[in-house]
Structure formats: structure tokens, C-alpha cells
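**Q** Residue numbers (the working numbering), protein chains in the order written: chain A, 26 to 354; chain B, 8 to 346.
Don't take each hint at face value.
The list that follows gives simulated cross-link-like pairs (lysine to any residue, SDA-like), each with its CA atoms no further than 20 Å apart [claimed, not checked]:
| # | chain 1 | residue 1 | chain 2 | residue 2 |
| --- | --- | --- | --- | --- |
| 1 | A | Lys329 | B | Asp147 |
| 2 | B | Lys124 | A | Arg344 |
| 3 | A | Lys329 | B | Asn145 |
| 4 | B | Lys124 | A | Asp88 |
| 5 | B | Lys91 | B | Leu247 |
Simulated from the structure, these hints should not be mistaken for lab results.
The structure presented is a predicted model; accordingly, all values stated were derived computationally and were not measured.
Each chain is listed here by its residues.
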Amino acid sequence: MRGRSRAAVWAGLAVLVAVAVPQTAWWDLNHTVFAQAVVSGLLIGGVYSLVAMGLSLVFGVLDIINFAHGALMTITIYVSYLLFQNYGVDPYVSLVITIPLMFVVGVGIQRFAINPVMDAPVHNQLLLTLGIAIIIENLALVLFTGTPRSIELAYARNEFDLGVVNLDFPLRVFGAVVSLPKLIAFLVALLLAGVLYLLMQRTQLGTAIRASAQEPEGAELVGIDVRRIYTITFGIGAACVGAAGSLVLPFLFVSPTAGSTFTIIAFVVVVLGGMGSIQGALIGGLVIGLTQELTQLFVPGSSKFLGVFIVFLAVLLFRPEGILGKARR
Amino acid sequence: MIRLRQIAAASSRDLLILLGVVAVLALMPLGVSSFTLSVATAALIFALAGIGWNVLSGFAGQFSFGHAAYFGLGAYTVAVTFTKYSISPWLGLLLGGLVAAIFGLLTGWISFRFGLKGAYFALATFALAELLRLTFNNFDYVGSGVGIAIPLAGGDSWGTLQFENTPAIRYFVALGLVALGTLAVIVIKRSRAGSRMLAVREDEDAAASLGINPLRAKLGAIAISGFITAVAGGYYVMFLMFIDPDLAFGPFISVVILLRPIVGGVGTIWGPIVGAAVLSILGEVTRSLVRDPPSFLQVIEGVNGLDQVMFGLILVLVIIRAPDGVIGLFRRFRKRSSQ
Chain A
26 MRGRSRAAVW AGLAVLVAVA VPQTAWWDLN HTVFAQAVVS GLLIGGVYSL VAMGLSLVFG
86 VLDIINFAHG ALMTITIYVS YLLFQNYGVD PYVSLVITIP LMFVVGVGIQ RFAINPVMDA
146 PVHNQLLLTL GIAIIIENLA LVLFTGTPRS IELAYARNEF DLGVVNLDFP LRVFGAVVSL
206 PKLIAFLVAL LLAGVLYLLM QRTQLGTAIR ASAQEPEGAE LVGIDVRRIY TITFGIGAAC
266 VGAAGSLVLP FLFVSPTAGS TFTIIAFVVV VLGGMGSIQG ALIGGLVIGL TQELTQLFVP
326 GSSKFLGVFI VFLAVLLFRP EGILGKARR
Chain B
8 MIRLRQIAAA SSRDLLILLG VVAVLALMPL GVSSFTLSVA TAALIFALAG IGWNVLSGFA
68 GQFSFGHAAY FGLGAYTVAV TFTKYSISPW LGLLLGGLVA AIFGLLTGWI SFRFGLKGAY
128 FALATFALAE LLRLTFNNFD YVGSGVGIAI PLAGGDSWGT LQFENTPAIR YFVALGLVAL
188 GTLAVIVIKR SRAGSRMLAV REDEDAAASL GINPLRAKLG AIAISGFITA VAGGYYVMFL
248 MFIDPDLAFG PFISVVILLR PIVGGVGTIW GPIVGAAVLS ILGEVTRSLV RDPPSFLQVI
308 EGVNGLDQVM FGLILVLVII RAPDGVIGLF RRFRKRSSQ
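Build the full structure now, drawing on both the sequences and the hints.
**A** Here it is, written out as C-alpha cells:
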């Protein structure tokens with residue numbers, strides 16, 4: 026009950042702010058900018074969620090700080106890019122290739138590189154994944170040089186006004202522009218989150234993964250091959266970030282470090298949402314997306330990551346188990 | 008005094024090794040080009056930063072992934088006090104160390120009080136370094152994103168710590184700082200404070216039950232660690248004659264700092280120095296291989312990024328095959344041959 030009443034207080038505060046803010050002069054001047062910041066924040070937040078989901082699984086189940094996560098994304102970004110440039114394969118169609126491909130890559134990395142260091146201290150695991158990231162990034166540099174590239178989808182030009190669609194909406198998000206690729210990325214991220222959630226909660230595999238995360242020895246005792254579960258989990262994590270790579274291609278500059286910029290954000294989201302929690306990663310991604318856009322709005326000239334890192338530190342200190350994680354202390 | 012004499016007696020072997028290492032390294036300027044000498048100087052500076060990292064992460068067991076924070080604070084303290092207040096860089100090195108130590112005490116107190124450990128502590132240190140980088144990027148007093156260039160004071164001088172035309176002296180100063188840092192670590196490791204750090208690393212609860220205050224042991228480690236790494240950062244500015252937020256606080260710097268002690272051997276006195284030697288040689292070999300490959304590998308000539316690929320491969324192999332670093336590998340080998 027305490028949790029519920031606290032939630033009611035927060036909801037009440039949110040409603041109060043939502044009602045009061047539109048009355049102010051500041052709102053009259055800035056509501057379009059504000060609406061744009063919120064919409065952009067939610068959209069990029071969806072991508073963050075997707076990237077973070079895979080990381081959350083790996084972090085939550087294997088307890089590995091995987092610094093190669095973003096570099097894995099770089100692989101699919103290039104695969105989708107090459108498929109589009111050479112064979113005209115739509116990035117969204119290339120998902121059927123990149124998702125299984127990255128599952129295999131993830132399984133390979135886990136089996137040959139990470140399994141041997143599963144019992145090693147944190148710093149060794151971190152350095153190992155960092156080494157993998159260095160290899161992937163610089164292989165991309167060797168193969169494709171550092172020149173930034175981008176693709177243009179023929180149908181991505183029709184941008185539409187959210188204001189036209191939601192004309193009677195009380196929040197009046199007039200003028201906030203949504204580009205089609207970002208909206209698609211957002212929606213697919215939601216869809217994949219749902220699929221992943223069902224996989225984790227409703228299937229035998231998901232149960233085995235959760236058991237291995239909570240109590241590896243107990244899982245072993247009831248006949249679960251924990252090493253194998255670890256390998257599959259890393260594969261699923263890589264598949265998630267693989268999907269993210271294909272989805273961001275239409276609105277991102279392709280470069281060897283394109284994916285790595287997401288690594289840190291993904292860690293922030295994972296800690297915020299709670300290790301191993303799919304819903305947590307979803308909510309955390311949206312919160313961080315909003316935080317970064319609103320930071321830029323309210324603290325002009327600052328880096329958008331300033332607010333993100335402040336939120337990150339606050340969460341680490343005051344609620345290290347994350348919004349939806351189970352208390353560890 | 009008695010205590011110090013006891014420590015000296017207990018670590019006479021390490022002190023002898025230190026003397027030998029310094030003597031050998033001091034001969035280096037005789038036989039190499041000035042380019043190699045500046046590579047070696049940079050290697051020594053990062054070895055010193057690694058020595059600092061090793062105190063917190065190796066001895067006290069609190070893995071830091073954001074030591075760029077201390078490195079950068081030391082660097083900026085020297086740059087700001089020298090360019091704005093004409094304070095001697097020697098004093099700047101000390102001030103930078105103090106600033107970093109205080110920063111470490113404050114942030115460490117908060118982090119440890121809230122029970123951060125393991126991966127969470129590592130991520131918090133990373134976030135702190137990033138916050139400093141982003142703040143300095145927008146901080147006009149320290150030149151924002153442009154950074155600070157150290158003006159040439161004219162002539163080589165011990166007073167201004169500038170040795171533009173005498174790279175050998177620049178190298179000797181770095182060597183001297185590394186020797187001092189190593190000496191400090193030898194003393195710390197054999198001192199009571201050091202024993203407390205090791206006890207906390209091995210088992211915090213058991214240490215607490217023996218009457219050790221884990222918070223104080225960890226705070227001591229973070230202050231000393233920050234101080235040493237900041238001195239390295241301060242001298243790095245006088246070596247580079249320039250600093251900006253990315254060079255001072257960038258994530259890459261944190262990685263560079265922790266790489267040497269880990270490759271050499273975490274929590275060992277000689278790890279950072281051995282790691283620095285191994286990595287410098289490897290780095291130069293891969294770089295020259297790409298620059299000027301043997302005839303059967305002609306295709307790789309001048310390919311951008313290839314040396315980094317090799318570097319990453321070696322890193323992965325070292326972690327898998329030699330998880331205790333080069334020193335651990337050496338010890339295992341010796342144990343096996345003595346059996």
C-alpha cells in the first residue's frame with residue numbers, strides 16, 4: 026500500500042504540473058520547442074530502450090559489464106548499410122538477416138571469449154569486452170575507412186505534423202515534427218520489448234534464463250545447463266542490439282564508432298531501469314531520452330549528456346537497484 | 008622512524024629492484040632517438056598514472072573506470088595555476104595532487120557511504136569523469152572545449168619544468184616521478200594502512216569484524232591513488248604543452264591508465280611498470296609493422312586502424328590466457344619450473 030500511495034502522490038504532482046505549466050507565460054513562448062523536445066526525447070528514447078534491453082539481459086543474467094555492446098551494433102549498422110547500398114535491401118527488411126546474424130555472433134563471442142573469464146574479476150571481463158570493441162571498431166575502420174556515410178530512404182521524406190493528427194489533444198503538441206524512420210524505430214522497439222518480455226516470462230527458455238540469473242547453482246541442480254543458458258542469453262542480447270543497428274541506420278551517420286556512442290547510454294538506462302528488467306529498460310530508455318532533450322532545452326549550450334550523467338549518478342547512489350529492479354541490499 | 012626502518016628492511020628486495028630498474032632506464036637516453044625518448048617519456052607518465060590507479064583498484068580492490076578524473080584535475084591544476092597565476096609547475100603538481108585527493112575523498116565518501124561496489128562503483132567513477140569532461144567543456148575559466156595551451160617560457164629550465172630542447176632531462180624528470188611513486192607504493196604496501204587496504208579487498212566484512220574501518224581504508228586508498236594519478240596528469244601537461252577536456256577527462260584516458268597495471272599485474276608493485284614496458288613495445292612493434300611491413304605482408308602497409316586491431320587481439324588474448332597479467336604469468340611459470 027505504501028508504494029501505491031507514493032505513486033498516487035507522484036501522479037498527483039505530475040497532473041498538477043501538467044495543468045499549471047500551460048498557464049504560464051513561459052509556456053506561451055516555448056510550447057512548440059517543448060513539445061518538440063518531448064517528442065524527440067521519447068523517439069530517441071525508444072531506440073535507447075532497445076539497445077539497453079540486450080545489455081540489461083547480459084548484465085542481469087551473466088553479471089558482465091559488456092563494453093562491446095555498442096560495437097556489436099556497429100556490425101549490423103554496416104551490414105544493413107551494405108545490403109542497402111549494394112542490393113537495395115530496405116533496412117527494415119534486413120532485420121530478418123541482422124537479428125539471426127547477431128545472435129550467432131553473440132553466441133560465438135560468449136563461447137570463445139567470455140565463457141573462459143566468467144569467474145575472473147570484474148576488471149578482466151570489462152577489459153576483454155573492451156578489447157573486442159577495439160577489434161570491431163578498428164576492423165570497420167580498416168574495411169570501410171572513417172568516412173561518415175548515410176542512406177536516404179525514398180519514403181522517409183514525408184514528415185508529418187503530430188499537431189495535425191492530434192488536433193484536439195489538450196496538451197497541444199503543435200509543430201512537433203516526427204520523422205518516419207524514428208517513429209518506426211520507436212514502434213518496433215516497443216514491439217520487440219513485448220516479444221522479449223513474453224519470451225522471458227512465458228517460455229521455458231525464459232524461465233531457465235531467469236533461474237540462471239537468480240541462482241546459478243540452484244539452476245544447475247535442477248538440470249539447467251547454465252553455461253549454455255549464458256551463451257544463449259548473450260546471443261539474445263546481441264540480437265537485440267542487432268535489431269537496433271538496422272533500425273537507426275536511416276537517421277544516423279554510419280561510422281566505425283557509430284554504435285559505441287550508445288554503449289554508455291545503454292549502461293545508464295540499464296542501471297536506471299534495473300538490471301535484467303525488460304520493462305525497466307523500456308521505461309529507463311524513454312526517461313533518458315527525455316532527460317537528454319530537456320537538458321538541452323533548459324540548460325542551453327550544455328551537452329545533452331550532462332543531465333543524463335547527473336541522473337545516472339543519482340540513481341547509482343539512491344536507488345542502485347533501479348526503478349523496477351529488486352533491492353539488492 | 009622505527010616503523011619506517013622496519014618497512015625498509017622488509018622491502019629491501021623491492022628497493023634493490025627499484026634501484027636497478029631506475030639505473031637501467033636512466034641509461035636509455037644514451038642510445039635512442041629523441042622520438043623514441045618522447046615515446047618513452049609518455050609511457051613513464053602513464054605508468055605513473057597506472058601506479059596511482061593500482062593503489063585504489065589493485066590494493067584496495069575498488070575497481071575504478073574513471074581515473075581520468077584525477078588525471079585531468081591534476082593536468083588542469085598545473086595548466087591553470089601556471090598560465091593564470093604564474094605558479095611554478097612544481098607547486099602545481101602538488102596542488103593538482105591535493106585537488107584530486109580532495110575530489111577523491113568527497114566523491115569516494117559519498118560512493119562508499121551509499122555502498123557502491125564492484126561494477127556499480129566502476130560505473131559511478133566513469134560517470135564522474137564524464138561529468139568533469141562535460142563541465143570543463145562549458146567552463147570558460149579553463150578555456151572550455153578549446154583547452155589551454157602552455158606558453159613557452161623561453162629556454163629550458165627546471166623552474167618552469169619546460170625542456171623543449173633537452174628531451175633527456177624531460178625523460179629523467181618523468182623517471183624520477185615514477186621512482187618516487189613506486190617508492191611510495193612500496194612503503195604503503197608494507198605499512199599498516201596498506202595491510203588494511205588489502206584486508207578490505209579480500210573480505211570487507213571480515214576486515215570490519217577485526218576492527219578495521221573499511222570506509223577509512225578505502226578513503227585513504229582513493230586519496231593516495233588520486234594524488235599519484237594527478238601528478239602524472241600534471242606532468243603530462245608540461246610534456247604536451249597543451250590540455251583540453253578530452254585529453255584530460257576522456258574515457259579513452261581512463262582506459263589507457265588502467266591498461267598498464269592490468270596487463271602487468273593488478274595489485275602488484277611492479278605491475279604498472281611492467282605493463283607500460285610491454286604495451287609500449289607492443290604498440291611500437293605493431294605500428295612499425297603497419298608502417299613498414301615485410302614483403303609478404305605488403306598489403307597491410309599504411310592501413311589505418313590495423314595496428315589497433317592487433318592491439319585489441321593481443322589484449323583479448325592476454326586477458327584469456329594470462330588473467331593475472333605478465334607478472335602472474337611469470338610467477339606461475341616459476342612455480343611450475345621449481346616443482
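**Q** Hint compliance check: list the failing hint numbers for this structure, sorted ascending.
**A** Violated hints: none; all satisfied.
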